[in-house]
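There are 2 protein chains.
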Amino acid sequence: MTSTKFDVLGVGNAIVDVLTHASDEFIAEQNEKYGMMKGAMTLIDTERAEQLYGDIGQATEMSGGSAANTIAIVAGLGAEAAFIGKVAEDQLGDVFAHDLKATGVHFSTPRLKNNHPTGRCFILVTPDAQRTMNTYLGAAAEFEAEDVQENVVSAAKVSYMEGYLFDKEAAKDGYRRVSEIARANGREVALSLSDPFCVERHREDFQDLVDHHVDIVFANEQEIMALYQTETFEEAQEIVRSKCKLVALTRGPKGSVIISGNQTIKIDAIEPSELKDTTGAGDAYAGGFLYGYTNGYDLKACGDLGSLLATEIISQMGPRTDKDLKNFVEGLKKAS
Amino acid sequence: MTSTKFDVLGVGNAIVDVLTHASDEFIAEQNEKYGMMKGAMTLIDTERAEQLYGDIGQATEMSGGSAANTIAIVAGLGAEAAFIGKVAEDQLGDVFAHDLKATGVHFSTPRLKNNHPTGRCFILVTPDAQRTMNTYLGAAAEFEAEDVQENVVSAAKVSYMEGYLFDKEAAKDGYRRVSEIARANGREVALSLSDPFCVERHREDFQDLVDHHVDIVFANEQEIMALYQTETFEEAQEIVRSKCKLVALTRGPKGSVIISGNQTIKIDAIEPSELKDTTGAGDAYAGGFLYGYTNGYDLKACGDLGSLLATEIISQMGPRTDKDLKNFVEGLKKAS
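Respectively, the protein sequence lines represent chains A and B. Just so we're aligned: the first sequence equals residues 18 to 353 in the working numbering. Just so we're aligned: the second sequence equals residues 18 to 353 in the working numbering.
Some hints could be false.
Remember, identical chains collapse to one label, so a pair may be satisfied in a single copy or spanning two.
[As the list claims (entries may be wrong)] Pairs of lysine-lysine residues, derived as DSS-like cross-links and limited to a Cα-Cα distance of at most 27 Å, are as follows:
| no. | residue 1 | residue 2 |
| --- | --- | --- |
| 1 | Lys22 | Lys283 |
| 2 | Lys118 | Lys55 |
| 3 | Lys343 | Lys260 |
| 4 | Lys340 | Lys293 |
| 5 | Lys271 | Lys283 |
| 6 | Lys340 | Lys55 |
| 7 | Lys340 | Lys50 |
| 8 | Lys350 | Lys283 |
| 9 | Lys50 | Lys262 |
| 10 | Lys118 | Lys50 |
| 11 | Lys343 | Lys293 |
| 12 | Lys22 | Lys340 |
| 13 | Lys293 | Lys351 |
| 14 | Lys55 | Lys260 |
| 15 | Lys262 | Lys22 |
| 16 | Lys271 | Lys174 |
These are computed hints drawn from the structure, not numbers from a lab. Model, not experiment: these values are computed from the prediction.
Construct the entire structure; sequences and hints are all you get.
As structure tokens, then:
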């Protein structure tokens, strides 16, 4: 095995978030008229994006994208990280690229030219701090196998991919290409199941991946139950334990469970001093976990770091932070 | 006098803010290399904007611009408001226009095409919550007299303009045109002095305006002392009292002073539960004040509303909020 240049590579939809607060009534009204499931991610087209933007209030823009958020955390903690994903040659593309590079992430996927604009996700945060996402993929949907840089994938200890990639055929090919290169080079592949509805849309694909092509799975309680159509979280845990060597399952305020062979490690959540916005909680958990995993920490410490970062992110608006995260790593236990 | 359609019209630089935290060391280093005065606003060109963007960390984008921030507050409180300023036909221009319209502001200045991009202000927030601004004017600098819509100006009770407009000749002409139309229609003109260095750059112009062309002046302690080159705040108060019929002078945590003829009304500041970022504090004060002034509140209530809004804005990152501000007006005293 050749040496690795990156601890973690993220592959996913390159998105800029448009964040605003909204009432439950607003979500209910939008749901009735156009379909908008509270707490879930709905894909929207250009026309609907314009309409929705016209309906929401004053907003804030912040780089987002599930895997990109995770990678920003990994790099923020001080690891070597890379990202592959597609933005356009436009101002929001500049924003996305700047924010990754500013946290030290290697990002060199060629920009999309003269076609769709950079993707954006309209995130409505309700008074309960829950986020409801509406994604216009734009240029992100044009990510394809050709964008996968072999030298980047082969140089990463872990390639981490979001399940959302499966919403587009070309991106699915890109996903497969990453997986092939990683495995051919003896690297590991991690998958996030992204969203319960995304799991419903791609259950067979995801089951096949978890069975045969993935080393580490990240999911929340609803996603893992949706994957195996179980009635209880416990049943889903036992099924996934037999399928994949390392699994991290998040449960919001109930913490998380790490499953590795016979081991089951329960990780406590850390209550935020003020819960502001759950956007990016799972992404941040995965970021903390993967930093620990690729830097020699034991699994308990990986989970604890995941909890710490998730709490940091839900204590503020949006999925990214410009805080110095390096001190978060202090005092955690390295694997013996 | 014909009836008014707008309570307040704002005229100023149309800007999107790029907000990030930075250390005092970073500011000192940038100051040494390129000139960057802590707490002040520095104008920068395209090249410097790119360089600075490359040097700062993960950022958040939010609509800004001094007068535009004020107008967003006025509209957020429930008044009829309009804005005149120049953005380009680009994504940041869309962001700026969306955020004004989303708060109910009438905004129909034609966009600049095929020329400079929408202006942006790189705002560095230091650990003391002070903001240091670096403005690339872009399209905002192309604002000129032709952009001034007579039907909008003549329909506004008060036309509020930022001193920053004086940094460009064409914008200065635009300023004069607004002032002429407003006065010809028996409306009032308000001016914010913007920044002590802006006052230094345009002292004679500003003195002439305050003496002859302005009904309401907004300034902070440093700006009014810079305008009259006085050694004490008290001296500056007495000079401006003789020049202008209504003056609101802000002093940060020391509150504000409203001067109207023989009256001197002291307004207390309201301590924020957590001071996060002083960006937009003066803009928000002016917004609260002007809402009150144009809606029949007495001067004390105008100042109190200014304090309330300033405190709201400094309790968060950035100069705008998507909170419902309408309840801020409750319980304040109308003029008898």
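Status of the hints after comparison with the structure:
1. For the identical chains of this complex, Lys22 and Lys283 are neighbours neither inside a copy (32 Å) nor across copies (62 Å), given an alpha-carbon limit of 27 Å.
2. For the homomeric pair Lys118 and Lys55, the shortest alpha-carbon distance between copies (25 Å) is at most 27 Å, but the shortest distance inside one copy (32 Å) is not.
3. Taking the shortest alpha-carbon separations for Lys343 and Lys260, neither the intra-copy value of 34 Å nor the inter-copy value of 55 Å comes in at or below 27 Å.
4. In this homomeric assembly, Lys340 and Lys293 come within 27 Å of each other (Cα to Cα) both inside a single copy, at 16 Å, and across copies, at 13 Å.
5. Taking the shortest Cα distances, Lys271 and Lys283 sit within 27 Å of each other inside one copy (10 Å), while across copies they are farther apart (51 Å).
6. Taking identical chains as interchangeable, the C-alpha atoms of Lys340 and Lys55 lie at most 27 Å apart only when they sit on different chains, with a minimum of 20 Å there against 29 Å within one chain.
7. For the homomeric pair Lys340 and Lys50, the shortest alpha-carbon distance between copies (24 Å) is at most 27 Å, but the shortest distance inside one copy (39 Å) is not.
8. Taking the shortest alpha-carbon separations for Lys350 and Lys283, only the intra-copy value of 16 Å comes in at or below 27 Å, while the best inter-copy value is 57 Å.
9. With identical chains, the CA atoms of Lys50 and Lys262 are never at most 27 Å apart, being 44 Å at best within one copy and 52 Å at best between copies.
10. For a Cα distance limit of 27 Å, the shortest separation of Lys118 from Lys50 across copies, 22 Å, qualifies, whereas the shortest one inside one copy, 39 Å, does not.
11. Proximity of Lys343 to Lys293 under the C-alpha cut-off of 27 Å is found in both arrangements, the shortest distances being 23 Å within a copy and 21 Å between copies.
12. Taking the shortest Cα distances, Lys22 and Lys340 sit within 27 Å of each other inside one copy (25 Å), while across copies they are farther apart (45 Å).
13. In the homo-oligomer, the alpha carbons of Lys293 and Lys351 never lie at most 27 Å apart, since the shortest distance is 32 Å inside one protomer and 35 Å across protomers.
14. In this homomeric assembly, Lys55 and Lys260 never come within 27 Å of each other (Cα to Cα): the closest approach is 31 Å inside a single copy and 57 Å across copies.
15. In this assembly of identical chains, Lys262 and Lys22 lie within 27 Å of each other by CA distance solely inside one copy; the values are 24 Å within and 67 Å between copies.
16. Proximity of Lys271 to Lys174 under the C-alpha cut-off of 27 Å is found in neither arrangement, the shortest distances being 30 Å within a copy and 55 Å between copies.
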